[in-house]
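Engineer: Residue strings, one per chain:
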Amino acid sequence: MNASRAQAGPELAGLLVLEHVSAVYGPYRALFDVSFTVPAGSAVALVGSNGAGKSTVARVVSGLVKASGGRVLFAGRDITRWPAWRVARAGLSHAPEGRSVFATLSVEENLVLTFRQAVGRRGVADALERAYQAFPRLQERHKQLAGTLSGGEQRMLSLAKVLAVPQKLLVVDELSLGLAPVVVDEVFGALQAIRANGTALLVVEQHMDRVLALADRVVVLSKGRVVYTGSPEGAAALATTLVPPAGDDGTSRGGPGADAGDAGELGSSGLGEVSSPSV
Amino acid sequence: MSQLVTYALPGIPYGCVFALMAVGLVLTYKASGVFNLAFGAQAYLSAMVFYVAVHAGWPKWAAFVVAVVVLGPLVGLVLDRLLFRFTRTAPPLVRLVPALGLLIAIPSITQMIFGIEPKLGPPAVFLNPNMIYFRFAGFPVDGNEIATTVATVVVVGGLALLFRSSGLGLRMRAVVESPRMTELAGIDADRVGAFAWILSSFFAGLAGVLLAPLYAQLSASNFTDLLVAAIAAAAIGGFSSLSLTLAGGIGLGLAQEILSGYLPSGTILSSGLRPALPFIVLAVLLVVVPRFRLGGEVSDPLAACDPPAPSLDPPPRIAVVSRGARIFAIAVAGALVGSALSWVSGNWLFTITQGLVFAVIFLSITLLTGMSGQISLCQATFAGVGAFAAGQLASHFGMSVLGGMVIGGLLASAVGILVAYPARRLGGIALGLVTLAFALLMDNVIFPYSWAGNGASGLVVPRPRLGPISFGGGGAFFWLALFVLGVAGGAVWLIRSGTTGQELAAMRGSEVAAATIGIDVRRLRVVAFALSAAIAGVGGALYGSLQQTVSPNDFAYELSLVFVVVVATVGVRTVSGAIEAGLAFTVLQQIITSLPTRYGSLLAVVFGLAALSYVRHPEGVVAYGKRVVLDMAEKLVVALERGGSSHGSATGSGRDDGTATGTMEPDLAVGP
Amino acid sequence: MSVIEPATVQAPTLLEARGISKHFGGIVALTEISLGVSQGEAMALVGPNGAGKTTLFNCLLGLLRPDTGSVLFRGERIDRLPTFRRGRLGIGRTFQRLELFTGMTPRQHMLVTERVHRGDGRLWKDLLGMGRPRPEERAKVAEVLDLVGLADVADVPVEALSLGHGRLVELGRALSGEPCVLMLDEPSSGLDDAETRLLVDVLNRVRSERGTAIVLVEHDLAMVAKVVDRLVVLDLGRLIADGPVEQTLAEPAVRSAYLGLS
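Going down the list, the protein sequences come from chains A, B and C.
Under our numbering, the first residue of the first sequence carries the number 1, and numbering increases by one thereafter.
Under our numbering, the first residue of the second sequence carries the number 1, and numbering increases by one thereafter.
Under our numbering, the first residue of the third sequence carries the number 1, and numbering increases by one thereafter.
In short, the hints are calculated from the structure, not lab data.
One should not assume that every hint holds.
[As the list claims (entries may be wrong)] Among the chain B residues that face chain A by a calculated CB cut under 8 Å, a handful are: (1) R173; (2) E177; (3) G486.
[What the hints assert, rightly or not] Per label pair, the in silico range of CB-to-CB distance: (4) E246/C with Q133/A: 32 to 38 Å; (5) L236/C with L161/B: 39 to 45 Å; (6) G198/A with L236/C: 32 to 38 Å; (7) I469/B with P135/C: 38 to 44 Å; (8) D209/A with R74/C: 57 to 63 Å; (9) V66/B with G198/A: 54 to 60 Å; (10) L81/C with L341/B: 53 to 59 Å; (11) G76/A with L236/C: 47 to 53 Å; (12) A75/A with G40/C: 41 to 47 Å.
[Unchecked claim] Just a sample of chain C residues kept apart from chain B, beta carbon distances all over 10 Å, derived: (13) T13; (14) S38; (15) F73; (16) G75; (17) K226; (18) R230; (19) Q247.
From the three backbone atoms N, C-alpha and C, an ideal C-beta is built for every residue, glycine too.
Let the hints inform the model, and build the full structure from the sequences given.
Structural biologist: Below is the structure:
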């Protein structure tokens, strides 16, 4: 984990830096001592099984959930205590998991709301054009209430909101969830394109194959802890050991009644060793 | 035709004021999702300050600036900052209870500050209210009509301009649906919300000051009626369209005056129907027009960012602690019964008995609101039906009140079905508004009749007899009340742990999913109302028999609001919560009657302000307090055990395995 | 010769859509969809986003009223039946956007479904104290919880569960009603690989042991292929293909509309 800093030098230490972040999320979900870096212009994939805390990391980064410990730095500034809107204005956009459109607003109103804040009144028309270019389907339905769109179309709309206005960092959570294969291709294509424009990416995914092709660095979470940071190849190799066979997954998930010691062991023993030599 | 216009013209000021209030209501509803029932109270506050300032010799413009331009928005800002900012993502009941609390508390606080003596002849802001300034096509137009029209046009025009030029309207709608998602777009949702509250509270203040001179005296009840009309106007606008809301408000004002012009004067129908008209309109709109249903509110997709709500089931405790708690509860209950019967004065015995009776009525709220999540604002009306039925049966047929209690319960249950059946498709706050409309209608139109509540003179409900046993004495009646409470509480407890309770809980969770697994949600809603109304009816009859005389005043619609506030504050989810609420309600009332009359409404203030805690502790303050105490006891036990044996650990002492609860320490909880 | 072939005779059609169309405003969601699922059959409904898959589910369940066409169950029209009656007929479903009973635990979800399915709950029984879950009900629920792999979190309020666990709760809830048709709307989305494998196992077991018909809306074609033998493709509200999985995927119209291959 220290390797990344040594490699990049102090001022390029990273666009987004998480230092020993922990988060309490009701009594049940939590992050423990999560540290990783997203360098400017890079693409980092955050993977891990269900309930590993991936979405919590995304929410802590964008200010939706407050970290209970540690620091989050964005473009050199400490944003740990910032409200979400301030983080967004600083150039970090977050497409959350699940339905993330305003169901009671029309498709176009959804877009205008975001664009007006991001690029001002003058830039709205251009941004709309770019969004519709990326997803022509949305133009066909621009007057429809977003709530009446199908699940997949809603995902497109939430992506259009963040894709059409270039930002410094884009955090996307469970991007491909509920999208038809042809659209998933489109979306990953769009991600490649905005990355080429200089936007860094933090991609939260559960299914590794596609995201490993996109990312140049992978962070693996398990039970709220970072268990691996490094190259996609290393993560792919790790994946086979990480995912337990279907039969005994009950023991590996560990219910809320499970001891803290359980998770600690998992973090420090088997997988901890894998993470140290990487990067 | 000319007659119609003559009747309609005095309706213009009312219409404009309704419209102003309604626009404010829609604004906050859109920006914070709160249906602010306290707007009437805020209008009253501004009108009162204006009145007092003018009477103190201030120039009218200065009084207006202080009361409307400064105080109105300030109250809005404070409410937003301290309260409603935190309820945006909460379920409908959590957003309603604090507003109800304010509705009850603000007028009482106002009266405590400015005195309870009548405030006669409220001044007009500008123009002489009764002077005829000009004639419009032959009809005289007075100062009130001009003043309200001009004020409304200016303010609403300004608002429309603001919305169009700044995109504020769009932001407000976005914030209502999901403040978090709005923040992700870089918009400060708190600021948008605060602005809406400031703006709409200004509207409320303005409406209050404009409305006051239309009445001979400044009284809080006129402003509650104002609120009622504003809600109806907002419903006409579908709770979203400002222009339709405006038109609806003005239309209602005109219709009200025209109606009272044509109805024969001096009858219950004409005096009762006029204030009830807006709510009849509201109820019909909500029930008949599907678009107006607020039940299917869009949920916030980012609601998962919140920690989960505290579980209904109390967390499993260390065995020693739970045993201790049980013993303590039994001891308290025993001490209460013993002291009520032995050493307390007759006055206090009456108070405690009254508390038990209210506990019965409050159980109806536990069942309906706590268990099935349905909001009803007419529980006092159901109680009234039971009481009046028992009284009528006793006086006309000589029936024992015990029999009257049963029949009263059944009749109230029938009335409950009557309300719930047309509203069976409604949920959330829409259902609450329909029940409020019903309460108002019963209060104004039905209860005054001699065959119902018999108006101001009321009815006699004797103390019951059972064979040789008379329940006339205070001690005997105490046992009767305790018995009825035991039966009702046991029934609610059994229902909760049985099939019906499970189904009600499922309906509370998701109506769509409940239907999918085969639960007839609409029937279940009617069943819940029938059961709840029956309990309230029995409680009402018992109350009547305790008091020995009852009149419609005992079951006024405001009381339903107070009931919901009291139960929600103390604990709406459990049977014990209802009992604690009943006792707290009457004991506090008894204490307050010993204070000077100026503080007569202190009870309303106490519960009104306590209701604000509902936002943070929807399980109730008492339930929360118990949890805190037991948590501390548990920690103490653990510490003692650790001290006692070096290998001692808490895990061995009886915490059920695998049941994670809200009290678990975060770092022990490795998430699923 | 009139030899009856018991097994190979077409199994009776359980749930059938006949000529269903549905519009939302000016948007066509479904056009003349006719489709049936027979006992023991497993079928997947796939198609690009906005093809009308969820809308079709909602029409079949009675959550939406189709503009034209009818819905049949075991050959009888059920268009006029409300959702809860269709549920009692044995049509179980899960939701793409979770519809959980907030405030309840997974175990309570299963218990209430089990009770409603038995249909022997009465208010008077509750009042006599006979309404509490019985041992055999608890045992059955524990079985379902084990089956869907939720035993560990059975007593945690559902608000505290992850999306994936929420989907499993919905699956378990639907299974508790012992449906004869199980309709699953994107059941694997939000599940990790292990959970997806578990899901496949559960569906195959339910189908072989109980003869439950399964209708899946799903994008994960690899998962689909392990569960179903029939694939139905919708595009823009029209049924463009219906047949065995391999064969359907090979059709040019499907390849261009769905997979983006030319």
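Engineer: Has the hinted range 54 to 60 Å been met by the Cβ atoms of V66/B and G198/A?
Structural biologist: Since V66/B and G198/A have Cβ atoms about 55 Å apart, the given range 54 to 60 Å holds.
Engineer: Restraint: R173/B near chain A, CB-CB cut 8 Å. Satisfied or not?
Structural biologist: 6 Å, holds
Engineer: Is it true that the C-beta distance of G76/A to L236/C lies inside 47 to 53 Å, as the hint says?
Structural biologist: Since G76/A and L236/C have Cβ atoms about 49 Å apart, the given range 47 to 53 Å holds.
Engineer: Take the C-beta atom of I469/B and the C-beta atom of P135/C, compute their distance, and say whether it sits inside 38 to 44 Å.
Structural biologist: Between I469/B and P135/C, where Cβ atoms are some 43 Å apart, the hint holds.
Engineer: At 10 Å, judged by beta carbons, does K226/C keep clear of chain B as stated?
Structural biologist: Correct as stated: the minimum Cβ-Cβ distance to chain B is 26 Å, above 10 Å.
Engineer: Taking the closest pair, is the beta carbon of R230/C still more than 10 Å from chain B?
Structural biologist: The claim holds: R230/C sits with its nearest Cβ about 24 Å from chain B, beyond 10 Å.
Engineer: Taking the CB of L81/C and the CB of L341/B, does the distance hold inside 53 to 59 Å?
Structural biologist: With a Cβ separation near 57 Å, L81/C and L341/B satisfy 53 to 59 Å, so the hint holds.
Engineer: Against chain B, does T13/C keep a CB gap of more than 10 Å to every residue?
Structural biologist: 21 Å, holds
Engineer: Holds or violated: is the Cβ of F73/C farther than 10 Å from all Cβ atoms of chain B?
Structural biologist: 14 Å, holds
Engineer: Would the stated hint for E177/B survive a check requiring a Cβ distance to chain A of less than 8 Å?
Structural biologist: With a closest approach of 5 Å, the E177/B hint holds.
Engineer: Check the non-interface label on S38/C: least C-beta distance to chain B beyond 10 Å or not.
Structural biologist: 22 Å, holds
Engineer: If we take the beta carbon of Q247/C, is the closest beta carbon in chain B still more than 10 Å away?
Structural biologist: 33 Å, holds
Of the numbered hints stated above, those contradicted by the structure are hints 3, 8 and 12, listed in ascending order.
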